[in-house]
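K.L.:
So the chains spell out like this:
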Amino acid sequence: MVLELLSLTNPVFKSYTFWAGVLVLKMLAMSMLTAVQRFKTKTFANPEDLMSPKLKVKFDDPNVERVRRAHRNDLENILPFFIVGLLYTLTNPSAFIAINLFRAVGISRIAHTLVYAVVVVPQPARALSFFVALGATAYMALQVILAGAF
Amino acid sequence: MVLELLSLTNPVFKSYTFWAGVLVLKMLAMSMLTAVQRFKTKTFANPEDLMSPKLKVKFDDPNVERVRRAHRNDLENILPFFIVGLLYTLTNPSAFIAINLFRAVGISRIAHTLVYAVVVVPQPARALSFFVALGATAYMALQVILAGAF
Amino acid sequence: MVLELLSLTNPVFKSYTFWAGVLVLKMLAMSMLTAVQRFKTKTFANPEDLMSPKLKVKFDDPNVERVRRAHRNDLENILPFFIVGLLYTLTNPSAFIAINLFRAVGISRIAHTLVYAVVVVPQPARALSFFVALGATAYMALQVILAGAF
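Residue numbers (UniProt numbering), protein chains in the order written: chain A, 1 to 150; chain B, 1 to 150; chain C, 1 to 150.
Just chain A, with the same shape it has in the complex (with noise of 0.2 Å):
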């Protein structure tokens, strides 16, 4: 049975590994789109990492800051996803619901670092981003809390 559950060959499973894999991808290009703001704007941090003897650390700049709130909001959300989304696979889900879940965290992420940190589009449209993967990864969290409960 199990055996089954975390095998390429359940479709579940497949579109879950399918899905992290992307935003494992996702969340390595935010570091990608911190440094080009970085250099960009001659925004670093760290005295070592200044290029120039004229340069002083800097740590407000609202371009690199805005990627780091989209990188954060990516920790708080993502991550927690990744757990539960497998420990979804294990409760053995319709795979319908499943797949269909993890399409939504997967591209509504996207979109939320679309309109957050590459193009700002008004709000709501990071709002809704944000509660439709809330949303998804919140109703696998009370799935596999009932499969843990009884």
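Please keep in mind that the hints were generated in silico from the structure rather than gathered at the bench. A quick note: this is a predicted structure, and the numbers were derived from the prediction, not measured. It cannot be assumed that every hint is accurate.
DSS-like cross-link-like pairs, simulated, lysine-lysine; straight-line CA separation at most 30 Å [stated by the list, open to error]:
#, chain 1, residue 1, chain 2, residue 2
1, B, 54, B, 42
2, C, 42, A, 56
3, C, 14, A, 56
4, A, 58, B, 42
5, A, 14, A, 26
Based on the hints, put chains B and C in the right spot on chain A.
P.N.:
Below, chains B and C without anything else, positioned relative to chain A:
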């Protein structure tokens, strides 16, 4: 063997599943708690979030920052527990010890949030709840390292 | 199959388990390092943490902030590695490649902490250690995406 270890018929995995689900929900609740404080104190970090043209972005409200520090502390402690708790389960530990370690982490991290970000309780309340979870997580990490090393 | 993949008789999983445990301990040590710097420099972020009525909350000590930046960098890079390393193990990779990737991540993230937060070493020491782990993690993520997509 592994079949049984990650099955809900294994009481260790069942307990891990329950507490991981509870702690994911608890972490997602921190976002809601932050939002509540942001609206209460009208502290928004992005220009597109400002509800009125009279408001300006603000980063230093003590109530918002307190919840954000509690949330970051969750990222630093609960997220490593998620992976180490799963790997510890796969080392086939004593059910008595494992289940009580998971309980200790779950209950102490909920207590940590309550005394840090809901009702501020004087020290050493926060330090104690912090160290119970840290100690349990470090013990599991040591067991996992030993299982992987020999 | 999966039975074997997550068993400690699988050398890939054994290596993953070892390095995941080591990196969890390393991350928990960052909290201790932060605490040491907080007490050394008397920099406390919460009123209830102040040891003497003469102290005030402080957020800008460079030694404390340096450790906190190193810790946040761990959250951004080590935590995604934890999930992607596990999923990569479940794709049944070449043991030689997988074990060396895990080693590369483990050793380079320890080096990153040493040159960032323990003894400050001029660049490109930190950049190099950062990119070794990032490259290995991104490679695993790609393999995981391919396994999930086809």
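K.L.:
All the hints need checking, so say for each whether the structure fits it.
P.N.:
Status of the hints after comparison with the structure:
Note on residue 54/B and residue 42/B: the hinted pairing holds, with a Cα-Cα distance of about 11 Å set against a maximum of 30 Å. This hinted pair checks out: residue 42/C and residue 56/A have alpha carbons roughly 25 Å apart, not beyond 30 Å. Proposed proximity of residue 14/C and residue 56/A is contradicted: the alpha carbons are some 46 Å apart, above 30 Å. At most 30 Å may separate the alpha-carbon atoms for a hinted pair to count; residue 58/A and residue 42/B meet this at roughly 26 Å.
For the proposed pair residue 14/A and residue 26/A, the alpha carbon gap of about 18 Å is at most 30 Å, so the pair holds.
Violated hints amount to a single one, hint 3; each of the other numbered hints is respected by the structure.
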